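A.B. asks: What follows is the residue order along each chain.
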Amino acid sequence: MSLHDFLQLALRSLLAHRLRSFLTLLGIGVGIAAVILLTSIGEGLHRFVLNEFTQFGTNIIEVTPGRQGARGGPPGLPSTARQLTLDDALALERVPHVTAVTPIVWGNSDVEGAGRVRRTSVYGVGPEMQRIFSMHVRVGRFLPPDDPNGARAFVVLGAKLKHELFGNANALGERLRIGGERYRVIGVMEEKGQFLGVDLDDTAYIPTSRALSLYNREGLIEINVTYEEAVPASRVTPGIRKVLVARHGQDDVTLTTQEDMLARLSNILGILTAAVGALGGISLLVGAVGIVTIMTIAVTERTNEIGLLVALGARRATILRLFLAEAVALAAIGGVFGLLVGSAIAQFVGLLVPALPVHTPWHFVAAAESTAVVIGLLAGVLPAIRAARLDAVEALRAE
Amino acid sequence: MTPADTLRFATRAASGYPLRTALMVLAMSIGVAAVVVLTALGDGARRYVVNEFSALGSNLVIVLPGRTATGGFGLGNLVTSTPRDLTVRDAQALLRAPLVTRMAPLSVGNSEIAWGGRLREAMVVGTSGDYVDIRAFRMAEGSFLPREDLGRATAVAVLGTKIRDEIFGSEPAIGRIVRVGDRRLRVIGVLAKTGQGLGMNTDELVFLPVATAQAMFNTNNLFRIIVEARSREAIGPAKQQLEQIMRLRRDGELDVTLITQDAVLGTFDRILGALTLAVAGIAAISLAVAGILVMNVMLVAVTQRTAEIGLLKALGATGRNIRLAFLTEAALLSLAGAITGFALGHLGAWGLRLAFPVLPAWPPDWAVFAGIGTALTTGILFGVMPARRASRLDPVQALSRR
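Chains as they are written, first to last, in our numbering: chain A, 34 to 432; chain B, 822 to 1223.
If we strip away everything but chain B, and leave its shape as in the complex, we get:
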């Protein structure tokens, strides 16, 4: 039999039973579509988190007070105090590292903001003028905190858009005096809308000069220091320089924790990548089920077409020809299923993107190839047994059967 004959035999067999063929293609395509959609979801989540982190700014090293010698990095390190505070002077000293371009100290707390009879609880962030550049925020009105000596407690405040809207409504905010905690501060700027970011909604924050915030919270210590390195490559060496500076300031003892954005990103990347893989693996189980179905139906086909096979053999077709014909049929079915599933999956991913515009739900290339590849492999693999059974049929018996 020529390849064209084999192909004709297979396609005719498939189109001879349209309902059966449609059902098999459906089964295969459900499996492939599931893999494509789920990996799109997983990878979308990964990209979303990575984007969020990149939106924090680039090339950042974050300095936290406290260090645990044994436990490594734990939840306890995130909010903690040490006998030796992380101070504004420490923050200024960090600027001496040659690979560091900018730095912003952060002193964070809850307080309330009031104006004209309206009062809101808000998160207050004491920081410096460089913070706006490090985080790449834009201003809607006015200007950000002044670049001045960090020890000066200037009585000014910068508001997030949402806070501004809730306190001032449609009235102008710039130049007004608001009460924050026990202080009276002049509003000098409003940040442009940025929206939700990892656990913090910048639209609901109130920014003060760090010294003002520290005086309000009656504290000397900082919550974090955010340091920006000169370039991406400089993050590692910059971290070492920063550690060196902190060690010198603390009599040789390093009691702060430095985390780089890359390390945090890498961790998230790995976790979410593994999750995507696991979910894809679970979806792939359905491909195995689809494979079993293909095998089942092919076996039935062999039984039904015994006479036809007998005739072919009597006409001189070898066992190999028959085997090839049945395998081709299985492969064609799987291929059709895989292509349909691929299309369905992309449709699903498109639906996801429509429903959740923030989620960049694109299926990764590897998943598409793996999905289609697995579909084809299972289809052909499960086609082997029926094909062998067909090729082994005795022509005389096969013909006489019917």
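Next comes chain A alone, as it looks inside the complex:
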């Protein structure tokens, strides 16, 4: 049988039962659409979270006190018997490949200015902080590179805090009170928005040494280090560890590279997307059962047609292929239909809820469509074998 005849036969049998074919397509289509829609949302979320994390730059290493493996507890506990100090941070500046270091302490206190009081987060940071986290000053300047242990009482305000205290008035040069101490405003940051539910604009930045005394602390909460773009983190961390071991006499810090964190995060989110896709896959499975059912019916109905074909000399392999082609065509067309509908709904959801990022991942699209075809093949095999096995004489006599 020529390819042309082959296609014609398969297509004609689909067209002969238009409603039935349409409903089968619909079944597969809904399944594929569900998979596409769900993975689109999952992938969008994935990208959103990764973007959130990389907005601070990717070549950051976070140094926190206490070795991780201080098991039993969550990371970031406030106290430790092993403090990280300002001098530790200074020492890290000399590690090879390191470009900037900022010691960080944060806390929560009243900020009084222009007759208003706001209780907000106050960060004690080094002058390099804005460079490390790729943040920008909108007006004025960032904290100057003073002597780390005796920095002047300057404060840089986050956009929201500036607005809450001073409204639209100029804040530069104004005096503020933070936890009872007087500070002079020398800069206002650009808006940065929220990060995982924490408002990054509702903050004040003061020199680390001042924050340490304000919060009556000895040790830093963390030290953040950036390194040269081209160098992998694995070449920088040993240097940092060596310096701190030399200073502390033992290995008692935790280093977290942004690369590690992103990889871990990406892993988790990838699994999530796949899980959600599999959930949608259940309806694809049901659609497959639909194809099996319809093809089984088709074989029964067309027994005498098959008998005729066999009597005319068609080989069993041809008949097998004919039914398989029909099943695959059903699944494939249904798949394309589902792809279109699924991605259309995904885009629509994206427009409707701008907060929810939507992105249709093309490898999932390809996977879903090939799944549909494979399902068609599998679902077609059973009825096709049945058709091919029919005895020509019996089949012709069947009707």
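FYI, nobody ran anything at the bench for these hints, they're computed from the structure. Keep in mind that this is a model prediction, so the values were computed, not measured. Hints may be right or wrong, so weigh each one.
Derived contacts from chain A toward chain B, CB cut-off under 8 Å, selection only [as the list claims (entries may be wrong)]:
#1 T57
#2 G60
#3 G64
#4 G99
#5 N141
#6 G313
#7 S316
#8 L318
#9 V319
#10 G320
#11 I327
#12 T329
Ranges of calculated distance between the beta carbons of each label pair, as one might list FRET restraints [as the list claims (entries may be wrong)]:
#13 L373/A <-> E1054/B: 50 to 60 Å
#14 S267/A <-> P1178/B: 38 to 48 Å
#15 R917/B <-> E261/A: 57 to 67 Å
#16 Q227/A <-> A935/B: 42 to 52 Å
#17 L44/A <-> A1128/B: 21 to 31 Å
#18 I1160/B <-> P265/A: 58 to 68 Å
#19 A1176/B <-> V414/A: 24 to 34 Å
#20 Q1218/B <-> V414/A: 35 to 45 Å
#21 P1178/B <-> D180/A: 57 to 67 Å
#22 L940/B <-> A263/A: 31 to 41 Å
#23 T351/A <-> W1171/B: 46 to 56 Å
#24 V414/A <-> A1128/B: 29 to 39 Å
#25 F1089/B <-> S403/A: 31 to 41 Å
Virtual Cβ for every residue (Gly too), placed ideally from N, Cα, C.
Here the structure of chain A is known, so what remains is to put chain B in place on it, guided by the hints.
C.D. replies: This is chain B only, laid out in the frame that chain A set:
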């Protein structure tokens, strides 16, 4: 046609094509089973978290240092410092609230514990003797921290089982002197095994008197204060009393955050409930697909049985009778699918419980009813069109067709 006739017609039609019927029932049951299993998973997770929180103790109010006026409750509040520390004196003052029964201050940090050449990093919790009762822990050996003045830095420690095993092995621990950070402390007790709880494994903790821990960490402030209210109903009023006390101690300014266990629980309950609902909804899409399949097959059945319908009509059956017969068939198929799916789903949930014994994976009643209900509704709904088509057939044409 009598109802019995209708039923016979439908069952005969279904049993006449066993493979086809089996496939339709399979499709329906996959959908129902998916709903049952997934809601069992979601609800199991919800119950697990709720149980974990209840295991923290009951009627708790947690006092955290710091308060953000604008941002509300954020991650930043969890680990933070304020110019005015939350101190042991604050903690003691909280006991003056009439609705408060017990209180435990917590000062938490990382340190190391060493004995006989073995050294472990461990999380150290400075607290008071009441902590063991608030959290309802049991002791494996010895006793918990003494109930004494919170300012006294007694040199004693209580270990979690895992720490005990790692440091002492099979040797007795009680009465030994261990080094924790820069202090030498006498081990006076070992907690019974409790296992993993929300982010903290109590088996790997070392408990010290709060003053000892504060001296070790060179700090005055507390990480948390855990307060136990007299009863469940008293949580709300107790929270107000506590706020009042804190405000008085801080010259009218409230710079601490109070969270009640109920509020946290409620949040988790809502989030996980919504998640379960969403997952069930996604699984229900497969029920719609199954419905489409039922409709498809019923349409085929109508075409195949045209002659039979013609005969019935010629014998005086009304269109309504025919419609009813086909609808009954669709309903029977859906019902069979729903029941099979229900059984399969419960089997799946049972498998989940076997695989993850900590997860109480029981499908909630609402989900079972919703699953079966949706299956029946979709089946019947999608059966309407074929049934109408059958009832509209012209008897003469139908008979002459074959």
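A.B. asks: Each hint: holds or not?
C.D. replies: Against the structure, the hints come out as follows:
no.	hint	in the structure
1	T57	holds, 6 Å
2	G60	holds, 5 Å
3	G64	holds, 6 Å
4	G99	holds, 3 Å
5	N141	holds, 4 Å
6	G313	holds, 6 Å
7	S316	holds, 4 Å
8	L318	holds, 6 Å
9	V319	holds, 4 Å
10	G320	holds, 5 Å
11	I327	holds, 6 Å
12	T329	holds, 6 Å
13	L373/A <-> E1054/B: 50 to 60 Å	holds, 57 Å
14	S267/A <-> P1178/B: 38 to 48 Å	holds, 40 Å
15	R917/B <-> E261/A: 57 to 67 Å	holds, 58 Å
16	Q227/A <-> A935/B: 42 to 52 Å	holds, 44 Å
17	L44/A <-> A1128/B: 21 to 31 Å	holds, 29 Å
18	I1160/B <-> P265/A: 58 to 68 Å	holds, 59 Å
19	A1176/B <-> V414/A: 24 to 34 Å	holds, 32 Å
20	Q1218/B <-> V414/A: 35 to 45 Å	holds, 38 Å
21	P1178/B <-> D180/A: 57 to 67 Å	holds, 60 Å
22	L940/B <-> A263/A: 31 to 41 Å	holds, 39 Å
23	T351/A <-> W1171/B: 46 to 56 Å	holds, 48 Å
24	V414/A <-> A1128/B: 29 to 39 Å	holds, 32 Å
25	F1089/B <-> S403/A: 31 to 41 Å	holds, 39 Å
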